[in-house]
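Chemist: In case you want the letters, here they are:
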Amino acid sequence: MVKPDEARVWEALRDVTDPEMPISLVDMGMVYGVCVEGDRVRVQLGLTATACPAMEFICQDVRERLQQEGFDQVEIEFVWDPPWTKERMTEEGKIALRHWGVSV
Amino acid sequence: MPTLTDEALKQKIAAGYLIERPEEMTERYKKALIQILLVQADTELMSAPAYYMAACKAPSINTRLSAYAIIQDELGHAHIAFRLLEDLGMDKEYLVYGRKPHEFKNPYGFDQPLESWVELIVANAFFDRAGIVLLGDPFKHTSYGPWKRALAKVDKEETFHLRHGEVWMKRLCQAGGKIKEEVQRAVDWMFPMGAEWFGLPDHMKRHSDQLEYRLKGYTNDQLRQQWLSAVVPLCESCGVRVPAHFDPEKQQYVLDYPIPVEYDPEKKRWLFDKPISWDQAFERWKRRGPYNEHYVKMIQREYQKFMGLLNGYGQA
Amino acid sequence: MRRDLKIYDVFARQRRKDPLMHVGTVTAPNADLAAAYARSIYNEEPWIEMRVVARQDEIAAIELEESFA
Amino acid sequence: MNEYKSPKELPPEAQGALFDLLLVLADSKHLLGLRYGEWLSAPALEASIAAVSMAQDEFGHARLLYGLLESFHQELNLPRRTEEPSQYRNLELLDRAFADWTDFVVANTVLDTAMTVQLEAFKESSYLPLRQRVAKMLQEERFHFQHGKGWVLRLVSAPKAKAELEHRLRIVWPTVSAWLGKPSSRSEQALTGFGIQDTDSDGLRTRFVERLGPLFQQANLSVPMIAWDAITGQSVLTTPPDWTGWDESFRRFSRTGPDRETFAQIEALYAHSYPVE
Chain F
1 MVKPDEARVW EALRDVTDPE MPISLVDMGM VYGVCVEGDR VRVQLGLTAT ACPAMEFICQ
61 DVRERLQQEG FDQVEIEFVW DPPWTKERMT EEGKIALRHW GVSV
Chain P
105 MPTLTDEALK QKIAAGYLIE RPEEMTERYK KALIQILLVQ ADTELMSAPA YYMAACKAPS
165 INTRLSAYAI IQDELGHAHI AFRLLEDLGM DKEYLVYGRK PHEFKNPYGF DQPLESWVEL
225 IVANAFFDRA GIVLLGDPFK HTSYGPWKRA LAKVDKEETF HLRHGEVWMK RLCQAGGKIK
285 EEVQRAVDWM FPMGAEWFGL PDHMKRHSDQ LEYRLKGYTN DQLRQQWLSA VVPLCESCGV
345 RVPAHFDPEK QQYVLDYPIP VEYDPEKKRW LFDKPISWDQ AFERWKRRGP YNEHYVKMIQ
405 REYQKFMGLL NGYGQA
Chain A
421 MRRDLKIYDV FARQRRKDPL MHVGTVTAPN ADLAAAYARS IYNEEPWIEM RVVARQDEIA
481 AIELEESFA
Chain E
490 MNEYKSPKEL PPEAQGALFD LLLVLADSKH LLGLRYGEWL SAPALEASIA AVSMAQDEFG
550 HARLLYGLLE SFHQELNLPR RTEEPSQYRN LELLDRAFAD WTDFVVANTV LDTAMTVQLE
610 AFKESSYLPL RQRVAKMLQE ERFHFQHGKG WVLRLVSAPK AKAELEHRLR IVWPTVSAWL
670 GKPSSRSEQA LTGFGIQDTD SDGLRTRFVE RLGPLFQQAN LSVPMIAWDA ITGQSVLTTP
730 PDWTGWDESF RRFSRTGPDR ETFAQIEALY AHSYPVE
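Protein chains in written order, with the working numbering: chain F, 1 to 104; chain P, 105 to 420; chain A, 421 to 489; chain E, 490 to 766.
If you are wondering where the hints come from, they were derived from the structure by calculation, not from laboratory data.
Only some residues are given here: those of chain F computed to face chain P with a beta carbon under 8 Å:
#, residue
1, Ala51
2, Pro53
3, Met55
4, Glu56
5, Phe57
Simulated restraints on C-beta separations:
#, chain 1, residue 1, chain 2, residue 2, range
6, E, Ser743, P, Asp377, 58 to 64 Å
7, E, Thr745, P, Asp377, 53 to 59 Å
8, F, Ile23, P, Arg203, 39 to 45 Å
9, P, Gly321, F, Gly70, 42 to 48 Å
10, F, Glu77, E, Pro672, 34 to 40 Å
11, P, Glu353, A, Arg475, 54 to 60 Å
12, E, Thr688, P, Arg253, 47 to 53 Å
13, F, Cys35, P, Ser333, 39 to 45 Å
14, E, Ile720, P, Glu397, 56 to 62 Å
15, E, Asn709, P, Lys401, 32 to 38 Å
16, P, Thr109, E, Asn709, 56 to 62 Å
17, E, Gly556, P, Leu122, 46 to 52 Å
Here are some chain A residues the structure puts well away from chain F; computed CB gaps all over 10 Å:
#, residue
18, Arg422
19, Glu478
20, Ile479
21, Leu484
Predicted, not measured: the structure shown is a model, and the values here were computed from it.
All C-beta atoms, glycine included, are put in the ideal place defined by N, C-alpha and C.
Generate coordinates for the entire structure from the input sequences, incorporating the hints supplied.
Modeler: Right, here's the structure in full:
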């Protein structure tokens, strides 16, 4: 069963888009995991490329959006395994959302 | 195929017809199209060495990476424009590697040295905004199908450059102190450069084939207005001064100085008390800015030498 | 264009269910370079498949005709 | 086989050897990125684009590898490194700008492939953080070789260019072949003994030759250090490196580091007051 707090984080991350294309990080399949402890949240992100030029923007946007949700400490961890592939996009994102009990 | 007259072509275009191939054009249409594409191609191409110069001053591996991503995009856009020109019968190799520096048709802004990370950021915010405004127009309006389709990619990527410029500009200004002063100095010389980019005001402009063939849809003044309405509020939100403001009566942005004015490229300074005529401004553009030759050389340096190596034993 | 160069059309798609669509062209002296060039120029979308084919090897089954509509 | 999740868990000799190797790789990829990026002047616009694209991949990998090194808490001491070029452990062929496009093509095929072969040996690494990152890097490297190969095939179609290419290959070969590591060195024993990499340096050299051999064969290039064995259909290394003056922890023959011009660019990355994360 998903914790309501974590569902809220997933929902909030739907508002953060990859600066290079107008698709949310969730639909991009870039969110690998979310873990909430009180006002702390840890987000695991898979970048589309090791040389992702938008890395800083993405971190900044994720931080700002989750601070709006009341999380004082936002920790971002990059995950490379399994590597992000294009097939993680959209369908994967939707499955993940359904899994977490968020309507698509 | 019956000979197509200019009038008949204009009627078809007015009815929304998209031109797909050179055989469907009149000579005059083709000439106007080549002219506008060449300006686009040269602008994108020459932004690359200018941005590269600043990328070498990037303050971290991360920032250098984003600068390179932007350079790659710009070269990619240039490539697309040159490919379109090639399909119109132009020689792409000659256009990139055979022309003399002063023959390139990029705006005066990309004849200038970009000497710091801050100048790269302001160039992203101002010059890439000019690019988006100028290319967003044909993307929406143009009657040439292949160009319209190619611009979808261009539009997408320029949006990233802009965001890069704007986010960083805010970040640098928030840092305050010396860094903000550096931003102000860059804005001081780059803002009027951007305003001038859009050329002759409408009331001085003669008829335009580019508009009549619907290669583009907006006039120079409309485009300049679009640019000002993005750039001025950005600077205001950063607390950076620009010589322009919103006039509530006219319901548009106006410049606080007579355009065009004289520019001192050595000192990177505009002489706002020395207005000049547009003919004099075009003269200045034609004389080219201080880094025109340097940038063209950065692109062309190896080509001749390499062709010599390839052709050493008669290989074409 | 130089005789040793060829035009290649570039096709790509983003999802398995999508058809390959034309995304642009490159000029290159051989297929390896055409593929490498295509990959670095048309990188605006996360394509899952990209192919290049020499334009000289394509033939028109239906030729684009001028429409007077 | 053990699995190590952090440097602390590694036996000391493996920790030192891995630290050295990761820094060699990170610096080499950083410098290769700088070198690729210098080619706005490639002899074709498309090649300039590919060059800038490959530069980003290398920077991305350097960024990732430097990130891995942070957890070692060993004195990385970036400020001192920026004052002292000799602290840099990059592949020494990258110390200065490429002389011309032929040099670029050689780096793109030979140098880049050597780094890739080293990375591939980590695919099943016992050091988990490295194993987790290597697949992504290898995925991104694939088109580099395709680009290099395309240019090699282009060059050998012209006799003068072909002769020039063969000449350069002979020059770089001993250095790049040595770069894959010295047999029976202590660090090699640690790296293979604890399963950090899946083969020893001679094994890496064999893979390296097997990767490049078919291209050289197809391009009809005569590279005396490699022979084609018609019976096995494999390429084999004929001349082992001469190890005189070799420093295994830096993987260099000389400790000079990058030249002044290059070093100025590296310094720019750290000597600034901008708000960088």
